[in-house]
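> Residues per chain are reported as follows:
Number of protein chains: 2
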Amino acid sequence: MDGWITLTDIVQVLKKMSAEIDGPIRSYIGDEEPAKLVEASRQYPYAGGKRMRPAMVIASAGAAGGDRDKAVPLAVAIEYIHNFTLIHDDLMDGDEKRRGMTTIHVGYGMPTAVLAGDALFAKAFEIISTLDVPDSVLRPILRIVTKAVWDLARGQQMDIDNEGRIVSMEEYIETIRLKTSVLFAAGAAGGALCGGGDERTVEAVHEYAMLLGVGFQMFDDYLGIMGDPAKTGKSAGNDIRKGKSTVMVTHALKSIDDPAVLEEFKAILGKQDASEDEIQRARRIMTDSGSIGYAKDLADEYARMAVEKIAFLPPGEDRDFMIALARFSVDRDV
Amino acid sequence: MDGWITLTDIVQVLKKMSAEIDGPIRSYIGDEEPAKLVEASRQYPYAGGKRMRPAMVIASAGAAGGDRDKAVPLAVAIEYIHNFTLIHDDLMDGDEKRRGMTTIHVGYGMPTAVLAGDALFAKAFEIISTLDVPDSVLRPILRIVTKAVWDLARGQQMDIDNEGRIVSMEEYIETIRLKTSVLFAAGAAGGALCGGGDERTVEAVHEYAMLLGVGFQMFDDYLGIMGDPAKTGKSAGNDIRKGKSTVMVTHALKSIDDPAVLEEFKAILGKQDASEDEIQRARRIMTDSGSIGYAKDLADEYARMAVEKIAFLPPGEDRDFMIALARFSVDRDV
Numbered sequence: 024m025d026g027w028i029t030l031t032d033i034v035q036v037l038k039k040m041s042a043e044i045d046g047p048i049r050s051y052i053g054d055e056e057p058a059k060l061v062e063a064s065r066q067y068p069y070a071g072g073k074r075m076r077p078a079m080v081i082a083s084a085g086a087a088g089g090d091r092d093k094a095v096p097l098a099v100a101i102e103y104i105h106n107f108t109l110i111h112d113d114l115m116d117g118d119e120k121r122r123g124m125t126t127i128h129v130g131y132g133m134p135t136a137v138l139a140g141d142a143l144f145a146k147a148f149e150i151i152s153t154l155d156v157p158d159s160v161l162r163p164i165l166r167i168v169t170k171a172v173w174d175l176a177r178g179q180q181m182d183i184d185n186e187g188r189i190v191s192m193e194e195y196i197e198t199i200r201l202k203t204s205v206l207f208a209a210g211a212a213g214g215a216l217c218g219g220g221d222e223r224t225v226e227a228v229h230e231y232a233m234l235l236g237v238g239f240q241m242f243d244d245y246l247g248i249m250g251d252p253a254k255t256g257k258s259a260g261n262d263i264r265k266g267k268s269t270v271m272v273t274h275a276l277k278s279i280d281d282p283a284v285l286e287e288f289k290a291i292l293g294k295q296d297a298s299e300d301e302i303q304r305a306r307r308i309m310t311d312s313g314s315i316g317y318a319k320d321l322a323d324e325y326a327r328m329a330v331e332k333i334a335f336l337p338p339g340e341d342r343d344f345m346i347a348l349a350r351f352s353v354d355r356d357v
Numbered sequence: 024m025d026g027w028i029t030l031t032d033i034v035q036v037l038k039k040m041s042a043e044i045d046g047p048i049r050s051y052i053g054d055e056e057p058a059k060l061v062e063a064s065r066q067y068p069y070a071g072g073k074r075m076r077p078a079m080v081i082a083s084a085g086a087a088g089g090d091r092d093k094a095v096p097l098a099v100a101i102e103y104i105h106n107f108t109l110i111h112d113d114l115m116d117g118d119e120k121r122r123g124m125t126t127i128h129v130g131y132g133m134p135t136a137v138l139a140g141d142a143l144f145a146k147a148f149e150i151i152s153t154l155d156v157p158d159s160v161l162r163p164i165l166r167i168v169t170k171a172v173w174d175l176a177r178g179q180q181m182d183i184d185n186e187g188r189i190v191s192m193e194e195y196i197e198t199i200r201l202k203t204s205v206l207f208a209a210g211a212a213g214g215a216l217c218g219g220g221d222e223r224t225v226e227a228v229h230e231y232a233m234l235l236g237v238g239f240q241m242f243d244d245y246l247g248i249m250g251d252p253a254k255t256g257k258s259a260g261n262d263i264r265k266g267k268s269t270v271m272v273t274h275a276l277k278s279i280d281d282p283a284v285l286e287e288f289k290a291i292l293g294k295q296d297a298s299e300d301e302i303q304r305a306r307r308i309m310t311d312s313g314s315i316g317y318a319k320d321l322a323d324e325y326a327r328m329a330v331e332k333i334a335f336l337p338p339g340e341d342r343d344f345m346i347a348l349a350r351f352s353v354d355r356d357v
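Heads up: the protein sequence lines correspond to chains Z and D, in order.
Residue 298 in my numbering sits at position 275 of the first sequence, with consecutive numbering throughout.
Residue 303 in my numbering sits at position 280 of the second sequence, with consecutive numbering throughout.
If we strip away everything but chain Z, and leave its shape as in the complex, we get (with noise of 0.2 angstroms):
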């Protein structure tokens, strides 16, 4: 099929992207003092990971028709974004480890990791004043990105709202939108604005990444119950434990017809100490309703509307590299 770039080949490309942004991650936070401070503050965004954020900021300016290099700043801010909320949370959720690190407040204390997501939410938006673009695109940069932080403060209290309580599929849908989806658009917007796209453009590749967000997040709950922790690095089980709902339980929850069956999920969702039998248990269930299935189609689903909303941009890398994250959002094991 025109434009795609093999699902292997998608994983070498971010790589490459990966490494090309590490250096100019790397730049922006110079030595100053208090030490403490700076190196809480740099500990995530050094550590790598998928840089499907930043991947997506460059390849929008691309797509746009404009230069990748002047999107890279913006890049650099919306992964910092990203790592401010990752300390935030992490603290919040009481979380010893990611991604194999000991996390920020463990590490430094609940002052520090208050303070490090803090100084690099800052720092962000630091960059951004020194992007060049027009002042006039600055402007509407700013307001998109400014706009994603308050909604992603929004998304994080509704998911500690959720906790505990089963939520309509619409109630899902609209947390992960805004705390998963909404910093993507900004990215992939924010990117096109940099690369002089049109409006059509900046607004297509927002809809596109919100799509995408919806598959991504949507993929990241499945990994947490079906993924291999070895890979995902995330406690397996833990979301049955914390009861987490998710389109997976709630269509469990309207599909199970067997009533004892039913009964059984119920006081396995949100058992804390739920034994590993249990949690397979849980799974296996999950997996004879068809939620499993249901949830990973629907990711699919979303992928695919994504694909849709930049299909009319003129062909090449970035546009076909857009595609292929679309597709690597809701299949892979990581």
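These are calculated hints, taken from the structure and not from any lab test.
Be aware that a few hints might be false.
Note that the list lumps identical chains together, so a pair holds whenever it fits in one copy or between two copies.
[Said to hold, decoys possible] List time: in silico DSS-like cross-link candidates among lysine-lysine, alpha-carbon distance up to 25 angstroms:
no., residue 1, residue 2
1, K59, K170
2, K170, K93
3, K277, K254
Put chain D on the given structure of chain Z with help from the hints.
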């Protein structure tokens, strides 16, 4: 003396300006979901306070010869940033009360306190993105405010690192420049930019506010030890019990001649369960050593230097207000 507003008057003027800005401060956070986050982020900014920072933004715009109204949104943004740092500060310090209110982390829980701070921070920059100034002016405003927040985080980390150790006068000044002055200065310079001020004016009000901020914080530390807890809302003696290193403490340690008194003073400093009598004794020692007087004189000197920086501005209500504000910073009971 030309241009002086009396201290009684400045309190009235601040009250009037505070009333004017209350409406705008309440206008930017709409009723959105989740209600808990929105409520938590509104609590501090809606509760009032001295409103020194927003007043300074507005006066700077006027003193620079511009339209004060155009600086109002920036004044709100600076006040939101101040309040975001208060929310995170209270969480980091474990404080349970602020101006008689229950602090956010106590009232809403730690995660919502983290998010409410982040949300206010984001909202502040969203407001900045909508400022009614030429696009070319938006960029320097953004740069100066983002840099200020980065520096603020550094200052707060230094403050934490300083706990329980005696810092030099230079370290003390550097810490309060970062944790207090830079936001005043960003507000003043940003206000002058909103008012169309030229480079000399912007620089002058920036320096004015940096100096004022140092005086303000020195006087704040003075109030923390000698102020009336019923007025300041701070627990008397807390700074002594925490062993907080202020200009008074640094001076006292160098100036106490009698070795026995010095030992006595050191024993009380940082003693978490120091009695009220011991606190009184520490106050007396610092008064006798001239340290209290020294700190007050030094704060006065900073206010005087601040005033000098803006003496060249055209006489008028706004310049007079800024002069009075500098004096008020170092001569208030709250």
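> Any of the earlier hints contradicted here, and which numbers?
3
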